[in-house]
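Undergrad: Residue numbers (this note's numbering), protein chains in the order written: chain S, 1220 to 1942; chain Z, 2 to 231; chain V, 22 to 101; chain D, 22 to 101.
Read the hints as simulated data drawn from the structure, not as lab findings. Remember, it's a predicted structure, so these values are computed and weren't measured experimentally. Keep in mind that a hint or two might mislead.
Claimed, not checked - Cβ-Cβ distance ranges computed for the label pairs, FRET-style:
{"hint": "1", "chain 1": "Z", "residue 1": "T134", "chain 2": "S", "residue 2": "T1915", "range": "53 to 59 Å"}
{"hint": "2", "chain 1": "S", "residue 1": "T1652", "chain 2": "Z", "residue 2": "T134", "range": "56 to 62 Å"}
{"hint": "3", "chain 1": "V", "residue 1": "L49", "chain 2": "Z", "residue 2": "A70", "range": "46 to 52 Å"}
Claimed, not checked - Dumping the calculated EDC-like pairs for lysine to aspartate or glutamate here, alpha-carbon to alpha-carbon at most 20 Å:
{"hint": "4", "chain 1": "V", "residue 1": "K23", "chain 2": "V", "residue 2": "E84"}
{"hint": "5", "chain 1": "D", "residue 1": "K23", "chain 2": "V", "residue 2": "D33"}
{"hint": "6", "chain 1": "D", "residue 1": "K23", "chain 2": "V", "residue 2": "D94"}
{"hint": "7", "chain 1": "D", "residue 1": "K23", "chain 2": "V", "residue 2": "E53"}
{"hint": "8", "chain 1": "V", "residue 1": "K23", "chain 2": "D", "residue 2": "D94"}
{"hint": "9", "chain 1": "D", "residue 1": "K23", "chain 2": "D", "residue 2": "E81"}
{"hint": "10", "chain 1": "V", "residue 1": "K23", "chain 2": "D", "residue 2": "D33"}
Virtual Cβ for every residue (Gly too), placed ideally from N, Cα, C.
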Amino acid sequence: MTDEEYGSVCTILGREPRPPELAMYSVMWSEHCSYKSSRHHLRRLPTEAPWVVVGPGENAGVVDLGDGWLAALRIESHNHPSFVEPYQGAATGVGGIIRDVFTMGARPVALWDQIRFGSLDDPLARYLFAGVVGGIGGYGNAVGVPTVGGEVDFDATYAGNPLVNVMCLGLLRRDQLLLGTAGEPGSVAVLLGNATGRDGIGGASVLASASFAETSGSKRPAVQVGDPFEEKKLIEACLELFSRGWVTGVQDLGAAGLSCATAEPAGRAGTGIDVDLDRVHVREPGLTAPELLMSESQERMMAFVPPGRVEEVLAAAARWEIEASVVGTVTAGETLRVFHQGELVAEVPAASLTEDAPVYQRPLGEPWWLEDLWSNTISFVQPPEMGSVLLGMLDDPSLADPSWVYRQYDHMLFLNTVVGPGGDASLIRIRGTEKGLAVSTDGNGRICHLDPRRGAARLVYEAALNVALSGATPLAVVDNLNFGNPEKSEIMWQFSETIDGIAEACLGLEIPVVGGNVSFYNETDGRDIYPTPVIGLLGLVEPVPPTVPRLHRGRAGMELWLLGEPRAINLAGSAFEKITFGHVGGRPSAPDAAAGRAAVALAADLARSQLVPVLHDVSEGGLAVAIAEICIASGVGATVDYADWRHLFSEDPHRFVAVVAPADGDRLQAAAARHEVVATRLGVLEADRLHFRGPTTTASVALASAARAWRGALPSRMGERVP
Amino acid sequence: MRVAVPVFPGTNCEHDTVHALRGVGAEAELVWHRETDLSGCEGVVLPGGFAHGDYLRPGAIARFSPVMAEVKRLAAEGKPVLGICNGFQILCEAGLLPGVLLQNRDLRFICRPVRLVVVSTSSMITRALQPGTVLTLPLNSYEGNYTAEVEEFARMEAAGQVVLRYCDERGRPTRASNPNGSQGNAAAVANSSGNVAGVMPHPERASERVLGSADGRRLLESFVASRARV
Amino acid sequence: MKVTVHVTRRSDIADPQGGAVAAALRDLGFAEVAAVRVNRRIDLEVHGTDPEVLEQRVTEMCERLLANPVMEDYQVVVTG
Amino acid sequence: MKVTVHVTRRSDIADPQGGAVAAALRDLGFAEVAAVRVNRRIDLEVHGTDPEVLEQRVTEMCERLLANPVMEDYQVVVTG
Ligand SMILES: Nc1ncnc2c1ncn2[C@@H]1O[C@H](COP(=O)(O)OP(=O)(O)O)[C@@H](O)[C@H]1O
Ligand SMILES: [Mg+2]
């Protein structure tokens, strides 16, 4: 906490804070909890739409799906804890995001993980990658929430600072919705779940709100250990309490623990609250008041219960075999009072911990390197050797088959996964209805580094197109903004541009942002990561088409078509340039709202039409990789003609590939014409080679070699186990 | 047929199992692990998940849950008792099935569809199937590596107690088609009277075509039909 | 009092984890590693004063829960 | 030669597994159980003759692979 912030605390209290009070302000006003550097920018995000039930500000965003169904969605990062201890860091990240979702009264039904590491040639990256995947699977599988999709990316920019983001989707009926509010004076605060120990004291403020080097070694809080078993019981117990109507408000205990779980609900309700720390069930004796207030022990929830229901709540908790204790009472007035060993140890205006948190308008400055970066393009004297380029790309861990990851995740639990990991979007059905939810998560630090505004906007369009490829209409976005040190003006500029990019694309698609998370200080030794926003996008499809287009449905004799601009040749930030030449430069092309909307509408139409067995978007790796993926999944080669080899690798947005039976080419063209999208016949699926033919160059790769490269990239690098 | 589906703290496939059992005509209901009376039930399916967090060893703590006394009683009476995944682990720990389930050979959790061949019809889940039938079911486990003492395993094989094996597309139990290192590619085993069985892959996850396979229904149908025979 | 229980996997039962650790150690250049077994060590704090009673009770815990006789052996050590 | 490595989770770090085992033991009637921690014991067979060199090499193995320094302590015992 800065001197100035300390001064504000003194002004609020009219005196010097006592240690427990200082502890509360320092965690609640940390970057992680207060969003003090980002809040002022986040206001520019569009957050409204008729179907938004709960927008940003609560634990999760909630949207209306019709017929009384709501979806709760939230994304969060656990970057720094995962660097300290990859298994537990990732595991507790999963636990935390699940709590955010069931805090809304929703049953968590699916998870997605977006994880980024340094190059797998580095043993540290392999260790972190294996540990993080182990932790996500270890926790998610055991807690019983399937992980149905996500993203993996490897780049040197994350070598000293891996990114671990996790998103959770929950479902609920409208009458089950709960908010994080303390309710009427007289309500009783019941702490449910794990016993409190010295876990992660100061974790939020120390680990997530300062750069990594500053927090090395002994300054780090004790590693938090996840207990999926406890969380599973907590989910079931809470959902029962909620469904019986015994709870009027609920707040999870995450960052800033008890401080946050009392101050925020009281602040939202405009009430005060008395908290008795002696009633908190603890794992070890001798915890001090600041420790009890700041502990980040996992798997805890605070329920606000009308006084007449306390006995029932405690009995239900006992039945589910979880601990529960009555720790506080909501009071009239607006004061948060904390008692410890019979003494009043803190007395502060409850809302001041959240509402009076500082807001910084940190200086913004366009990075000095940007112009140079834009002019740093490769000029090709002669085309590269295409076959080996393609094989090299398929063997790149960021583009290759991610099944090494998702086979370690239960992605089938609940019998709702119509389309699991491995496609463009996951599709979850809502049993007993005709509804399906298509979800995609997308990030790309490289293009955001080259142009944060265009890059971020493109990610929103990409995610929207992905869900449309399953027939869904985009409904809402959550964003996880992973950035470097906000005290640097270039980083704040990147951040601000990113917000504008997301806002523009959301306006273009007429969808709201319903929640998100900001992670700053992703730097090590002064080196900031690429600005890496991750977009999670939820779409609704109703009815779920009888057969959803899938990559493996291609058959010999079918035609390959490109929908969207056929002559794109922008290679800035492309996987082709990075993988083939180690080059990152130039300025990525801008998205186009009209083209973006048209692509989304056409894709959704086609997916519902049952006309096209395969749809696949053109993203990282361009057309060449998109086609290779279809061929590998379908087990058939392709012959494709092109006019300029660069068309094969350009990653220009708003484009996708469709596979149709030859007889259906006309209908495909007619559909494209209706949406004013260009349809170009690329070639046919046939034989057992990937055969690309151009005027001066050709590539011809045996399908079997392509498949071997693509499938083997991760397992071969991870063969050596580093426990 | 009334089937009890016991729920331990940490179980997570209970609703899926009930859904699939109802789909094959059973009257399935959840019972909490503290239940001490299953007298109205004609069969039990122990569902998958992580009972008691799988702490210590999967099934080690669950075997002491009060409901297990009733499960043992029903098993002794010859009623059909099936353990799926974690349920299989619990049955082994409880001594209702021989052997143990160790960590997978590659020490990684495995979630993917696998092929299984019916090698014996002497258990209630395979009684209605033809030997040699190849089924596709999702596997979803970390400790799925079935192991028994060598002589015991040989005896089980001879007695038809190894009922399903992991296999290739032609039904051959090859080394390459063994996902987790299980002895003799064993994916499902039964007790000597065939009324208690454990299966590592999940039949309930393969009971609708939209989800990839409906082969699991055949095992569950056989289970439900078995009431008449035992 | 403190009691330590050593639960070791029987030598005729495979230990994939031990094998993986041995391979990883050799990969790291520890060529001298011949074999590794990964076992469990359970540390208990138990109320009581009589070491003999204690040992007997903890042995009972092993028989019932802490070890699986099909694959594991155990040893109880009262450490004070 | 034989070396045993005891890898124990640091006492300030939670051990949910130990907690669950303690609860299960108490449920089984072992009311005297106050606390349980589940740790690892790694038994190695290592080629070599000099116990001092051995101890030093195995310590190195612990630092690099066998123990996780952010949450575990370890102890190397050359048993012969
Ligand atoms: N990048 C963002 N975009 C939109 N909303 C955001 C963003 N970051 C945070 N929010 C919103 O701010 C609120 C507070 O976030 P946070 O303090 O991280 O919640 P929690 O305490 O539940 O983890 C949440 O509702 C979250 O959705
Ligand atoms: Mg929250």
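Undergrad: Taking the hints in turn, state whether each one holds.
TA: Here is what the structure says about each hint:
| no. | hint | in the structure |
| --- | --- | --- |
| 1 | Z:T134 to S:T1915: 53 to 59 Å | 55 Å, holds |
| 2 | S:T1652 to Z:T134: 56 to 62 Å | 35 Å, violated |
| 3 | V:L49 to Z:A70: 46 to 52 Å | 49 Å, holds |
| 4 | V:K23 to V:E84 | 19 Å, holds |
| 5 | D:K23 to V:D33 | 18 Å, holds |
| 6 | D:K23 to V:D94 | 18 Å, holds |
| 7 | D:K23 to V:E53 | 12 Å, holds |
| 8 | V:K23 to D:D94 | 18 Å, holds |
| 9 | D:K23 to D:E81 | 16 Å, holds |
| 10 | V:K23 to D:D33 | 18 Å, holds |
Comparing the model with each numbered hint stated earlier shows that hint 2 is the single one that does not hold.
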